[in-house]
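Chemist: Residues per chain, in single letters:
There are 4 protein chains.
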Amino acid sequence: MAQTSPRKLRYAMVGGGRDAFIGQVHRAAMALDGRYELVAGALSSQPDKAIASGRDLGLAAARNHGSWQDLLAHELSLPAEQRVDLVSIVTPNHVHHEVARAFADAGLHVVCDKPLVHTSAQAGDLVRVVAQRGTVFGVTYNYTGYPMVRQAREMVRQGVIGEVRKVVVEYHQGWLAKRVEGGQNKQADWRTDPARSGIAGAMGDIGSHAENLIATVTGLEAERLCADLTAFVPGRQLDDDASLLLRFHGGARGVLLASQIAAGFENDLRLRVFGSEGSLDWRQEDPNQLVHAPLDAPRRVLTRGSPWLCESARRASRLPTGHPEAFLEAFANVYLGVAEDIHARLAGQPADPLAADYPRVEDGARGVRFIEATVASAASEQKWTAFEGLGDHRATD
Amino acid sequence: MAQTSPRKLRYAMVGGGRDAFIGQVHRAAMALDGRYELVAGALSSQPDKAIASGRDLGLAAARNHGSWQDLLAHELSLPAEQRVDLVSIVTPNHVHHEVARAFADAGLHVVCDKPLVHTSAQAGDLVRVVAQRGTVFGVTYNYTGYPMVRQAREMVRQGVIGEVRKVVVEYHQGWLAKRVEGGQNKQADWRTDPARSGIAGAMGDIGSHAENLIATVTGLEAERLCADLTAFVPGRQLDDDASLLLRFHGGARGVLLASQIAAGFENDLRLRVFGSEGSLDWRQEDPNQLVHAPLDAPRRVLTRGSPWLCESARRASRLPTGHPEAFLEAFANVYLGVAEDIHARLAGQPADPLAADYPRVEDGARGVRFIEATVASAASEQKWTAFEGLGDHRATD
Amino acid sequence: MAQTSPRKLRYAMVGGGRDAFIGQVHRAAMALDGRYELVAGALSSQPDKAIASGRDLGLAAARNHGSWQDLLAHELSLPAEQRVDLVSIVTPNHVHHEVARAFADAGLHVVCDKPLVHTSAQAGDLVRVVAQRGTVFGVTYNYTGYPMVRQAREMVRQGVIGEVRKVVVEYHQGWLAKRVEGGQNKQADWRTDPARSGIAGAMGDIGSHAENLIATVTGLEAERLCADLTAFVPGRQLDDDASLLLRFHGGARGVLLASQIAAGFENDLRLRVFGSEGSLDWRQEDPNQLVHAPLDAPRRVLTRGSPWLCESARRASRLPTGHPEAFLEAFANVYLGVAEDIHARLAGQPADPLAADYPRVEDGARGVRFIEATVASAASEQKWTAFEGLGDHRATD
Amino acid sequence: MAQTSPRKLRYAMVGGGRDAFIGQVHRAAMALDGRYELVAGALSSQPDKAIASGRDLGLAAARNHGSWQDLLAHELSLPAEQRVDLVSIVTPNHVHHEVARAFADAGLHVVCDKPLVHTSAQAGDLVRVVAQRGTVFGVTYNYTGYPMVRQAREMVRQGVIGEVRKVVVEYHQGWLAKRVEGGQNKQADWRTDPARSGIAGAMGDIGSHAENLIATVTGLEAERLCADLTAFVPGRQLDDDASLLLRFHGGARGVLLASQIAAGFENDLRLRVFGSEGSLDWRQEDPNQLVHAPLDAPRRVLTRGSPWLCESARRASRLPTGHPEAFLEAFANVYLGVAEDIHARLAGQPADPLAADYPRVEDGARGVRFIEATVASAASEQKWTAFEGLGDHRATD
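Protein chains in written order, with UniProt numbering: chain V, 1 to 397; chain U, 1 to 397; chain L, 1 to 397; chain W, 1 to 397.
Chain V extracted, bound-state conformation (with noise of 0.2 Å):
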């Protein structure tokens, strides 16, 4: 936990209302190491439902909005030292770009959940903006905030298990293998929903944080991929199941597969790396250990918190070794990386990139392509689609 105390960085919330399970994990995220304060919000699409939520929340009524037109106008009214640092956006997919944008081009950073928007124009258009304001734009893909994560990214950088040739990784949910939607769960009916989850079903929701830990640990680009997208839930619209063959630039092969019809599996992705020299193996359910298979040795079990993990791991960790941590300390390594990153950027200062660790607006556009060549490749006759991921990435480098 951290050490030192710079000021809190003051937030406003976009959507996370009653009743909405992700908006409390984020503040639970942000308030985990006492770097952020919830001072503004507008909760809800619903005024009445925002009000309400905000007074839940102990927001003061003046910063307590009905809609995030209002909260953006008010805090572009305050003073600069009174006004919000950053905006944390957790709203269903449709209204993402709109919001971010507009926070965005009004100069504040943003956190925005994943999949950051519908298309790739709007992703593009947000990198653009963003590159302009020079803001901070975060998005939680909140999975590689996992020390192990991080550990097993460093151990491929660093070559210890040579050339990466061929990456497996899974995502196996069973909580859509029956028609839940059009009943009690609000959740799963915006996930079958196209108005509000766009193209994609279980691929957007799932398959975008897959695609992300691949790029993430490996660094590899997706050149081409080949995709079989099922909705298995008779009467659904979108996939709830997605099985992807990737050529990465360089030679690398994978296989991507993300399904929430895989009954009585719960949350469980899975990360293999296969390199020239040994293998690398993770899973989120169980994700204080990574495994590592040298070549010619026998695997090691290592372990979150351990004296010999990389500087990266080590300060993504919190607790001693066999004191777990879990889901939320992940989620709250992704607010950290992008605290410091505006923290930095107050203090005028370049930031410490192993401090500044988080996934950006631009790793948020990729996995949106990635979407959209997944969805193109799945309605095709040709075998591969090829995959532009780098397109306004590099733009902005």
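In short, the hints are calculated from the structure, not lab data. Fair warning: this is a prediction, and the values are worked out from it, not measured in the lab. Some hints here could point you the wrong way.
Think about it this way: if two alpha-carbon atoms lie no more than 35 Å apart in a straight line, the pair counts; the simulated DSBU-like pairs of lysine-lysine are [unchecked claim]: (1) W/Lys186 to W/Lys49; (2) V/Lys49 to U/Lys8; (3) U/Lys186 to V/Lys8; (4) L/Lys49 to L/Lys8; (5) L/Lys8 to W/Lys186; (6) L/Lys49 to L/Lys178; (7) V/Lys8 to V/Lys186; (8) W/Lys178 to W/Lys49; (9) V/Lys49 to V/Lys8; (10) L/Lys8 to L/Lys186; (11) L/Lys186 to L/Lys49; (12) U/Lys8 to U/Lys186; (13) V/Lys8 to U/Lys49; (14) W/Lys8 to L/Lys186; (15) U/Lys8 to V/Lys8; (16) W/Lys8 to L/Lys8; (17) V/Lys186 to U/Lys8; (18) L/Lys49 to W/Lys8; (19) W/Lys178 to L/Lys8.
Start from chain V and add chains U, L and W according to the hints.
Modeler: Chains U, L and W alone, transformed into the frame defined by chain V:
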């Protein structure tokens, strides 16, 4: 996470200043559900360090004290509506009794780390004071906060595994497998120092958790015990390894193993309960699952967050299945139970037992007597040493 | 283990001489239940080595041959009551067709290793010959001999997991992660040599096991497939890594991964079947358990030897629960099924299907066509390559 | 598997007739490596059943006897070159001593199941007879035949984990968790019957395996022990649960748990050895791996078949890594060691200690004394009961 928002409880902390690991854990656990705010403190026994630590945490100067005596005096000078609701005591063990007694005697609620105090005389004294004042007194046997521990407790209570016959609890750590005291490891210093840790080492530190876990889950009270305590590392004055045989009232048997020289083990607390109709198996390092083996049917793997868990386990859970929770959330659950109890008292209502679910001063006292009986047994030629776990406890019922 | 003792079946072995690992496995598997005795052989393609190997194994000189042609001729010269009942063919793949065809055509029963032959033309030819002669022809897809695989098959058949939606089978090995051919590793030499292994490497060797496991457990037939085959190790002519998307008749989907460059993985064959009512999960390296996750209830861990398993699984088991069985017993179960079928024929009775449970020539033929379709797909720009798994198979029904 | 082919050893079996599970295991284990052939027997104490069982197994009428006395007399009447090399005794325990003594005294080699005999007087007698005759006498402590147990033994010997400080061995079974004796379960009948099983139940049956595993792997000899024995199931005369504290010569400590009322556990024998430089962890139900945790480095998972294992582990292995071996192969390794010793004697050469690796009569005798000391301790008010494990053993060195 809590949907409603009673006012935050104001707390002071004694101990837990700069570099004190466990103080940070307590603060993070208290922050997690937004039920507490830190408003005062005496964060170290060294006045300078205490003040500096309080500044780090943003304490107002008037409530940032160099000693717990000053803290207490100042709080008592405040009007009741400004005074702290409770104090959290996270000092080394030898300071617990004096501080806890003073605050409880002043009518303040207290949370104190375990083991509660050094002697059963101190423990009995504390139980009496708390009973007289009618205050809340929680002890942070944090492992009982895990949802799947609560599930196990409920299954035992419901008779799912029949009559409990044998309990095996083991707690294996390896961090004291070599001589680390006398160097940079402050924690090792005081844990191995009789002046600060009392009469037991591993038995006091982790053995007390193991004892509490048995009592919490099974409700069994030991009647007799037989202990072998060893200090393996040369020069160490307190045990670093403990093995106990237990006989419970009613005929059940038990084995308790607590070792800090188990090289390569991190924090491997495991509980197995064998009943006439099945068994339960839980491991702290894999805390989101509980294995239930019915007598004549396949093993079942129960996972945190599942709808078929008991009310108590569900209330102790914040995230869906597969999104792992861990140490911090379990710790927070102890504080959540304390908050529920204090808020009930503030509201003049009886506490909901499912909500006000936390280890109490009597649990802490029984733990102290257990440590004493263990040390006595280790010095005895007789196989069995009687254990009077309920002495003071019964007095308070 | 078998309680009754029909006479031992006399067998000859072709291949499997000195230093041939797999020949020893076959002999040990045949010996396990006391149903077979080795009486003749042509144990190597090198006459001297064949004779020496036969002497090692105690073969009588008259039945210890330097070539399989001599073996066949001599057996046919014997009176029927002395002649071998069957021949076990454990040569490298390229010899399978010629030998198997000759013995089957002579009316002898045959067991042949997988993959069955090099081409679907050879396979079809073999299916026809066996059908004409009415002989027993087993193929040692040994992994289907595991009791818990048979349990999985029965649960699928009984509809325990509802309608099968998706099958994920993966087979990860790492022994070819570096260039080991061309050195001391004879197995690596022929496995990577097109002349001896045919058109596929990893896909032929372990991919064919994976294909068979899907077909055995689910009964699904692939309709189309999409394959990516890669040879990662420089200079290697055959694939050492295969990734396939599958579409089955009836709408189910599948993924098949077979890799021999998965550094650090040993023989990690895993099958997951996701149905509308639950899922099944089995791993070859932990073969005594099968995890069944019902849709809305806790996971159940089924273990070999338990009384609640199906008849087929119980018959395939020799030891009580907890006394692990493994590779050899599974292998023996294939031979046990063959023995049951031959003995039924010797008795002039129909075989008990539960007893005569083994992969047949049609399974081997389908496997060969599957390899061909995979290689064709890998070379195609089209996403989907049709698979006619049932061509010859149907003809024999 | 053995490459060379010395002549098969001729053996007789006493006990192990129809319906006798363990007799089948012994025969399968002896058959596995082709080193033995069954040529004579007295397969039951009931003459009719003995004869019928021998017919099932194909024994020649002249060597198929109704009593072990007849068997012995007939064998002694044969010329040495026809006589059996050894006898395998797989009767219930109470018959062991009489039979084993008679055959050993006649100069025949013997393999006998464990626990060896009922009393230490019988055990001492047997040790003396064997020493006088100079014969081979193996005891089927079969778990010591696992390759990874031999690897653990070698690592302890080599000092890889430093000085051994603590050993925890547990053996949990659940098959006697309810009253199954007095019904269809013949094994339960004699295991719970003092007349046939001797003075101990769980302790004699599985506790003796646990004791032997400690001694084999660590080489430590207990000096004192403290036992709690319980019969949980009403009406049961012998213990079904045992918990022991151990003190070894030299200062190491131990814990031994053996329970047959551990509902839901199958055959869960686990050994942990904690040393000053690391620890080892092995489980019988997952026997192909051994976890080695060095003091200050990540855990290593050693797997059977790996080239970096010790010679002793490699020799005990038949299949490559990932192709699991299990119970039967471990059992066979005990018989392989016996065969090596007998063949060495037949050749008039000293046995290679790495080859002639099997538990001997002295191990069996120590096990009997251990059971007696345990029962004595359970009845004692004194904490520690002395253990003279080496009494007779030393005499034979």
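Chemist: Now tell me if each hint is right for this structure.
Modeler: Verification of the supplied hints:
The hinted pair formed by lysine 186 of chain W and lysine 49 of chain W meets the criterion: a straight-line CA distance of about 16 Å does not exceed 35 Å. With a C-alpha separation of about 22 Å, the suggested pairing of lysine 49 of chain V with lysine 8 of chain U holds against the 35 Å cut-off. The hinted pair formed by lysine 186 of chain U and lysine 8 of chain V meets the criterion: a straight-line CA distance of about 30 Å does not exceed 35 Å. The hinted pair formed by lysine 49 of chain L and lysine 8 of chain L meets the criterion: a straight-line CA distance of about 27 Å does not exceed 35 Å.
For the given pair, lysine 8 of chain L sits about 30 Å from lysine 186 of chain W by alpha-carbon distance, which is consistent with the 35 Å threshold. A hinted pair counts as satisfied when its Cα atoms are at most 35 Å apart, and lysine 49 of chain L with lysine 178 of chain L qualifies at roughly 30 Å. Note on lysine 8 of chain V and lysine 186 of chain V: the hinted pairing holds, with a Cα-Cα distance of about 33 Å set against a maximum of 35 Å. As the CA atoms of lysine 178 of chain W and lysine 49 of chain W are separated by approximately 30 Å, the hinted pair is consistent with the 35 Å bound.
For a cut-off of 35 Å, the pair hint linking lysine 49 of chain V to lysine 8 of chain V stands: about 27 Å separates their Cα positions. Note on lysine 8 of chain L and lysine 186 of chain L: the hinted pairing holds, with a Cα-Cα distance of about 33 Å set against a maximum of 35 Å. Our distance criterion of 35 Å between C-alpha atoms is met by lysine 186 of chain L and lysine 49 of chain L, whose separation comes to about 16 Å. Between lysine 8 of chain U and lysine 186 of chain U the alpha-carbon distance is near 33 Å, which keeps this suggested pair within the 35 Å criterion.
Of the pairs offered as hints, the one joining lysine 8 of chain V and lysine 49 of chain U holds, with about 22 Å between alpha carbons and a cut-off of 35 Å not exceeded. Pair hint lysine 8 of chain W plus lysine 186 of chain L holds up; C-alpha atoms about 30 Å apart against a cutoff of 35 Å. Between lysine 8 of chain U and lysine 8 of chain V, the direct Cα distance comes to roughly 19 Å. Compliance with the 35 Å bound is thereby established for this hinted pair. Pair hint lysine 8 of chain W plus lysine 8 of chain L holds up; C-alpha atoms about 19 Å apart against a cutoff of 35 Å.
Distance check on the hinted pair: lysine 186 of chain V and lysine 8 of chain U sit about 30 Å apart at the alpha-carbon level, within 35 Å; holds. For the hint pairing lysine 49 of chain L with lysine 8 of chain W, the CA-to-CA distance comes to about 23 Å; that is within 35 Å, so the pair holds. A threshold of 35 Å between alpha carbons decides the hint, and for lysine 178 of chain W with lysine 8 of chain L the separation of about 41 Å lies outside it, so the pair is violated.
Hint violations for this structure: number 19 only, all remaining hints satisfied.
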